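Peer 1: Chains as they are written, first to last, in the UniProt record's numbering: chain A, 1 to 259; chain B, 1 to 360.
FYI, nobody ran anything at the bench for these hints, they're computed from the structure. Note that the coordinates shown come from a computational prediction; the quantities given were computed from them, not determined experimentally.
Taking lysine-lysine pairs in the BS3-like style, the calculated list, with each CA pair at most 27 Å apart, reads:
#	chain 1	residue 1	chain 2	residue 2
1	A	Lys247	A	Lys8
2	A	Lys115	A	Lys196
3	A	Lys8	A	Lys18
4	A	Lys128	A	Lys196
5	B	Lys252	A	Lys128
6	A	Lys115	B	Lys252
7	A	Lys231	A	Lys247
8	A	Lys196	A	Lys140
9	B	Lys250	A	Lys16
10	A	Lys115	B	Lys250
11	A	Lys196	A	Lys8
12	A	Lys115	A	Lys128
Here are some, though not all, of the chain B residues that point toward chain A, as calculated from beta-carbon distances under 7 Å:
#	residue
13	Glu238
14	Ala242
15	Tyr244
16	Ala245
17	Leu246
18	Pro249
19	Arg256
20	Pro260
21	Thr261
Just so you know, even glycine gets a beta-carbon here, dropped at the ideal spot from N, CA and C.
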Amino acid sequence: MSKRIEAKNLDIYYGKFKAVEDVSMVIEPRAVTAFIGPSGCGKSTFLRSLNRMHEVINGAYVEGELLLDGHDLYGPGVDPVNVRRQIGMVFQRPNPFPTMSIKENVLAGLRLNNKRMPGREQDEVCEKALRGANLWEEVKNRLDLPGSGLSGGQQQRLCIARAIAMAPDVLLMDEPCSALDPISTLAIEDLIQELKANYTIVIVTHNMQQAARVSDSTAFFNIAGTGAPGKLIEMGPTEQIFSTPEKQETENYITGRFG
Amino acid sequence: MSTATAPRQSAQAPVDNPLTAGQLPSWVTIAVGVAALAVSALVFTLLDTGGIALIVVGAVVLFLVVMHIISLAVEGSRRAVDRLAKHVVVTMFLLALLPLISVTWTALSHGINRLDPEFFTYSMRNVVGAGGGAAHAVWGTLIITGIATLISVPIGLLTAVYLAEYGRGALARSITFFVDVMTGIPSIVAGLFAYALFTLVFGPGTINGIAGAVALSVLMIPVVVRSTEELLRIVPNELREASYALGVPKWKTIMRIVIPTAVSGIVAGVILALARIMGETAPLMIAAGFTQSMNTNPFSGQMMTLPVFVFDSYARPGIPREPFWDRAWTGSLTLILIVMLLNLAGRFIAKRFAPKTGRK
Ligand SMILES: Nc1ncnc2c1ncn2[C@@H]1O[C@H](COP(=O)(O)OP(=O)(O)O)[C@@H](O)[C@H]1O
Ligand SMILES: [Mg+2]
Numbered sequence: 001m002s003k004r005i006e007a008k009n010l011d012i013y014y015g016k017f018k019a020v021e022d023v024s025m026v027i028e029p030r031a032v033t034a035f036i037g038p039s040g041c042g043k044s045t046f047l048r049s050l051n052r053m054h055e056v057i058n059g060a061y062v063e064g065e066l067l068l069d070g071h072d073l074y075g076p077g078v079d080p081v082n083v084r085r086q087i088g089m090v091f092q093r094p095n096p097f098p099t100m101s102i103k104e105n106v107l108a109g110l111r112l113n114n115k116r117m118p119g120r121e122q123d124e125v126c127e128k129a130l131r132g133a134n135l136w137e138e139v140k141n142r143l144d145l146p147g148s149g150l151s152g153g154q155q156q157r158l159c160i161a162r163a164i165a166m167a168p169d170v171l172l173m174d175e176p177c178s179a180l181d182p183i184s185t186l187a188i189e190d191l192i193q194e195l196k197a198n199y200t201i202v203i204v205t206h207n208m209q210q211a212a213r214v215s216d217s218t219a220f221f222n223i224a225g226t227g228a229p230g231k232l233i234e235m236g237p238t239e240q241i242f243s244t245p246e247k248q249e250t251e252n253y254i255t256g257r258f259g
Numbered sequence: 001m002s003t004a005t006a007p008r009q010s011a012q013a014p015v016d017n018p019l020t021a022g023q024l025p026s027w028v029t030i031a032v033g034v035a036a037l038a039v040s041a042l043v044f045t046l047l048d049t050g051g052i053a054l055i056v057v058g059a060v061v062l063f064l065v066v067m068h069i070i071s072l073a074v075e076g077s078r079r080a081v082d083r084l085a086k087h088v089v090v091t092m093f094l095l096a097l098l099p100l101i102s103v104t105w106t107a108l109s110h111g112i113n114r115l116d117p118e119f120f121t122y123s124m125r126n127v128v129g130a131g132g133g134a135a136h137a138v139w140g141t142l143i144i145t146g147i148a149t150l151i152s153v154p155i156g157l158l159t160a161v162y163l164a165e166y167g168r169g170a171l172a173r174s175i176t177f178f179v180d181v182m183t184g185i186p187s188i189v190a191g192l193f194a195y196a197l198f199t200l201v202f203g204p205g206t207i208n209g210i211a212g213a214v215a216l217s218v219l220m221i222p223v224v225v226r227s228t229e230e231l232l233r234i235v236p237n238e239l240r241e242a243s244y245a246l247g248v249p250k251w252k253t254i255m256r257i258v259i260p261t262a263v264s265g266i267v268a269g270v271i272l273a274l275a276r277i278m279g280e281t282a283p284l285m286i287a288a289g290f291t292q293s294m295n296t297n298p299f300s301g302q303m304m305t306l307p308v309f310v311f312d313s314y315a316r317p318g319i320p321r322e323p324f325w326d327r328a329w330t331g332s333l334t335l336i337l338i339v340m341l342l343n344l345a346g347r348f349i350a351k352r353f354a355p356k357t358g359r360k
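Just chain A, with the same shape it has in the complex (with noise of 0.2 Å):
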């Protein structure tokens, strides 16, 4: 069910501008992985090119190899949907489906995807995705109401569900907790820690209590100015980077002195 991640000298240019350059790293499964760095270094453009929605932009591409378990993401006749499938993702921002009521908007992904199963099941699934999600109790008299009149930290886990509800290998999240209150914050940081026995998790945070809190391993990602593309300057299992990083530059973003 969890796989591994292996990128090798990954470019990823929007346009012409290349964003992020030459990230080699791996990322384990039934672990969390942080990604921390300065606000523009490509943590975000990074974490999309990991399931192909990276190229969902206009102009964007990627250069480089991209293993999934050994296969690559990005070799020839790869189909980005069926990555998708296998790769899920968590946004910033909660988007529930407007139209849609909190249980289609789980089972939206099955769905859309002509997934035939017969009601029992659906519920089954539905169930199981919202526990999974840690929302199960909180939602389990309404699930006929819209997905959209859920508190933000509500909403957020309902995204969460509505991602593992497709059974992916891996999950992505891209500063999942920035738009939250701190109870909601703590919801879906003890929610992390439980998922990562099941799936690879990357998640994307400003925060670096977080990333400190939640993670296994964490990669530190920095920018030498404008307009140049960012880079990975060091990954290692998280209490090394916060005791002792080996580069400089990781110590003084970790400790708070820049440049």
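With chain A fixed as given, assemble chain B with the ligands onto it according to the hints.
Peer 2: Just chain B with the ligands, lined up with the frame of chain A:
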């Protein structure tokens, strides 16, 4: 000294509150309005240049000026200007409402005479004087605009989807350009186009319901494209990305996420376009023609429509004229009623499908 007594003291001396300012009680507005009307009526009657319009205009001007002066004196300049702006806005609103009320009233008062079952069940076949009806025209309008909608909505919707979701580069730009040009086509040209097209394809003098519907489609398509495109563009990109991230293909994302999110607005746009073409007269006279009898077959024979019926009854009445003119008014009233019903239906549909009503 104690803090508990402080609020009570200030409550006992409200006069000292530095935040108060002069205020006009609301009856002043009404009194000034009535007075202005009275003065204006008196002046214009004395000058013997009466006429309701003049009196009302005089009263409004008088009211605005007097109110402003009073307010300036009592409330100060900021609130006076505020009041003036509010009164001007309300005046303009009433002004805009005037033609609407007038049209509705005129059509209703003249049209009510013949608003009877016979009007909706009889055609004009073998009718020379009074009696008869516009059943043929009502059916013609419904059939022709119905077909025009069936042609325009798929074409317009898909064009809009192309422009909003796929289009870029020269092709999209040229489509946008031609749609804009089409928006400006005079309706009579659309009629001539349909007539010429059907003459070319089916031989000279092919005038029927379909030709009329094609003429109306030429007018309806650009409106549908424009309104739908705008609505698709305001669907947040996040929803598309959320759908892609679930591994949903693009076409399905458009069909199941983007369009449903915008559907209430799209329906409203279509209804507006429909209401707009329903009153078209010139293109239908050319392309759909004219008849006194019922014809519900759009593929053959000329077909009557309500606007053409109204025009014909008014412009070429028989003798006596009154029954013809009565029928013209009732025809207009019927057209207004149909458009109104369409708008109501549109609202209902829009409500029914609006987002945030997650349904099974
Ligand atoms: N849609 C886009 N088109 C062009 N450039 C973009 C786009 N999105 C991001 N960028 C650029 O790519 C760089 C990395 O951005 P991003 O990945 O969003 O940074 P982060 O998530 O680390 O804050 C920035 O210079 C940003 O301006
Ligand atoms: Mg980002």
